[in-house]
Amino acid sequence: MLTNYSVKNAIRVIDKIDFMLNTPTDTQFSELFKGSGADLMLESVSLDEIEHGYLGHECVSSDTAMFESITTTRMRLSQTMRAFIRKLNQGLSGTGILAGTNDTGDTENGMPSIGGAEIGRVRRVGNIPVMAAKIPLSDGQSVSVIFHSPTSGNGRIQNEDVLTAFRFLLNKRDVSHVVAPMNGRDISLPQVCQSLSNLIERNSGKFQRQAANAAKIKADIDAELERADALEQQKVALIEKCDQLKTRIDHKQSECDQLRRRLYQQIDINDKLRNQLQKMQAEQENLKTQKKDENSISTPANDTGKTEDGTHAVDKAASDAITFLKSVLSLESNNIQALSEIRTQTRAAIAALNAATVYEENSGLVTDAVNHLSGLLAAVAKSAMAGGK
Numbered sequence: 001m002l003t004n005y006s007v008k009n010a011i012r013v014i015d016k017i018d019f020m021l022n023t024p025t026d027t028q029f030s031e032l033f034k035g036s037g038a039d040l041m042l043e044s045v046s047l048d049e050i051e052h053g054y055l056g057h058e059c060v061s062s063d064t065a066m067f068e069s070i071t072t073t074r075m076r077l078s079q080t081m082r083a084f085i086r087k088l089n090q091g092l093s094g095t096g097i098l099a100g101t102n103d104t105g106d107t108e109n110g111m112p113s114i115g116g117a118e119i120g121r122v123r124r125v126g127n128i129p130v131m132a133a134k135i136p137l138s139d140g141q142s143v144s145v146i147f148h149s150p151t152s153g154n155g156r157i158q159n160e161d162v163l164t165a166f167r168f169l170l171n172k173r174d175v176s177h178v179v180a181p182m183n184g185r186d187i188s189l190p191q192v193c194q195s196l197s198n199l200i201e202r203n204s205g206k207f208q209r210q211a212a213n214a215a216k217i218k219a220d221i222d223a224e225l226e227r228a229d230a231l232e233q234q235k236v237a238l239i240e241k242c243d244q245l246k247t248r249i250d251h252k253q254s255e256c257d258q259l260r261r262r263l264y265q266q267i268d269i270n271d272k273l274r275n276q277l278q279k280m281q282a283e284q285e286n287l288k289t290q291k292k293d294e295n296s297i298s299t300p301a302n303d304t305g306k307t308e309d310g311t312h313a314v315d316k317a318a319s320d321a322i323t324f325l326k327s328v329l330s331l332e333s334n335n336i337q338a339l340s341e342i343r344t345q346t347r348a349a350i351a352a353l354n355a356a357t358v359y360e361e362n363s364g365l366v367t368d369a370v371n372h373l374s375g376l377l378a379a380v381a382k383s384a385m386a387g388g389k
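When the letters of the sequence shown are read in order and numbered with the UniProt record's numbering, they come out as residues 1 to 389.
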């Protein structure tokens, strides 16, 4: 990526007054965009990228001289960079673009700022210590100057060591051959800054459009990522809700199965009670029929039918039956055996009423007693079912 320079074509950049300043031609500017140059011209660069991309390998071969331009010392680097940026801003006058950062302090990236430029760390390329200085521009572009120290020892740069700039970068593109073309003549510092400022101005519009597009794409990507995260969270929430609903469904299904079993049990109990009630009603009908048959039979005139003692016994049995049926109406019991005995006694009481021919006038009492007794039996059955749940 970096161009080698021959010793016989070596030139110097001299800080002198120059009245014949030239700007790069359209052809030179177009050449910078050929191949991968367009991407390099329109992409911003950080000091880390400069150090790893441009200083991570030997920039020149051992038999080739480095292009010597701006020369300073480590101690005078701040003054030199300040002067260089001042010249560069003179060339940018009228473009609305300013070069440089604050004179002192750290940059937003945490790198030291010296003379308005971000200064990188010293790195060894081969046996030569090299360092980079990045000059940020107000439109987002940057100019980078790469220094080497021909006087350092052991790969270290001391305050008194000489620093020589031998590469110029506009954003990620090496523009040294355009800024200071090797035509065998020395070049002035104003000429270097004029060429750089011209390239900066001509590239600014494209760079800013590219940066805006990149920012829009990044914003779209971030928005899609946020949307994807939101959808993922929504999916997780729906899965959790689905699991909760499934658990509730399983619980409701279990309750439904229990209720269904209880329903079947209740149906069986109701069937048994219904059969018992039908039997009792059938017995009542039979007793009524027998009574009617007895009344339809004629008795001989000389036959009194019953003795006085027999009539008295039947009437007493009917009276006791009425008393018993009335007691059944106020009965409250859940003992199934006791209720079964009372049911038997109820049948006997009904028979006594029929025998005394007083059933018709007491039929309401009989019906109420039978219904109350049936209700007690049903309650006992329901309680037994609930206990077996």
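Simulated from the structure, these hints should not be mistaken for laboratory data. Any given hint might turn out to be false.
[Said to hold, decoys possible] Keeping only pairs whose Cα atoms sit at most 20 Å apart, straight-line, the calculated SDA-like set for lysine to any residue is:
(1) 288 - 355
(2) 206 - 217
(3) 235 - 217
(4) 272 - 364
(5) 316 - 351
(6) 279 - 217
(7) 206 - 39
[What the hints assert, rightly or not] Label pairs and their computed distance ranges (CB to CB):
(8) 386 - 286: 27 to 37 Å
(9) 86 - 217: 32 to 42 Å
(10) 255 - 279: 35 to 45 Å
(11) 235 - 261: 31 to 41 Å
For each residue, glycine too, the CB sits at the ideal point set by N, CA and C.
A quick look at each hint next to the structure:
1. Straight-line distance between C-alpha atoms of residue 288 and residue 355 comes to about 10 Å, which keeps the hinted pair within the 20 Å bound.
2. Using a Cα cut-off of 20 Å, the hinted pair residue 206 and residue 217 holds, with the two alpha carbons roughly 16 Å apart.
3. Simply put, residue 235 and residue 217 have alpha-carbon atoms about 26 Å apart, too far for the 20 Å limit, and the pair is violated.
4. Between the alpha carbons of residue 272 and residue 364 the distance comes to roughly 25 Å, so the proposed pair goes past 20 Å and is violated.
5. Between residue 316 and residue 351, the direct Cα distance comes to roughly 13 Å. Compliance with the 20 Å bound is thereby established for this hinted pair.
6. The hinted pair formed by residue 279 and residue 217 fails the criterion: a straight-line CA distance of about 90 Å is larger than 20 Å.
7. For the hint linking residue 206 to residue 39, the alpha-carbon distance of about 11 Å falls within 20 Å, and the restraint holds.
8. The hint said 27 to 37 Å for the Cβ distance between residue 386 and residue 286, and at roughly 36 Å that hint holds.
9. Between residue 86 and residue 217, the C-beta spacing of about 37 Å keeps the proposed range 32 to 42 Å intact.
10. Distance hint check for residue 255 and residue 279: the Cβ-Cβ separation is about 36 Å, which falls inside the suggested range of 35 to 45 Å.
11. A beta carbon spacing of about 39 Å between residue 235 and residue 261 agrees with the range 31 to 41 Å that was offered as a hint.
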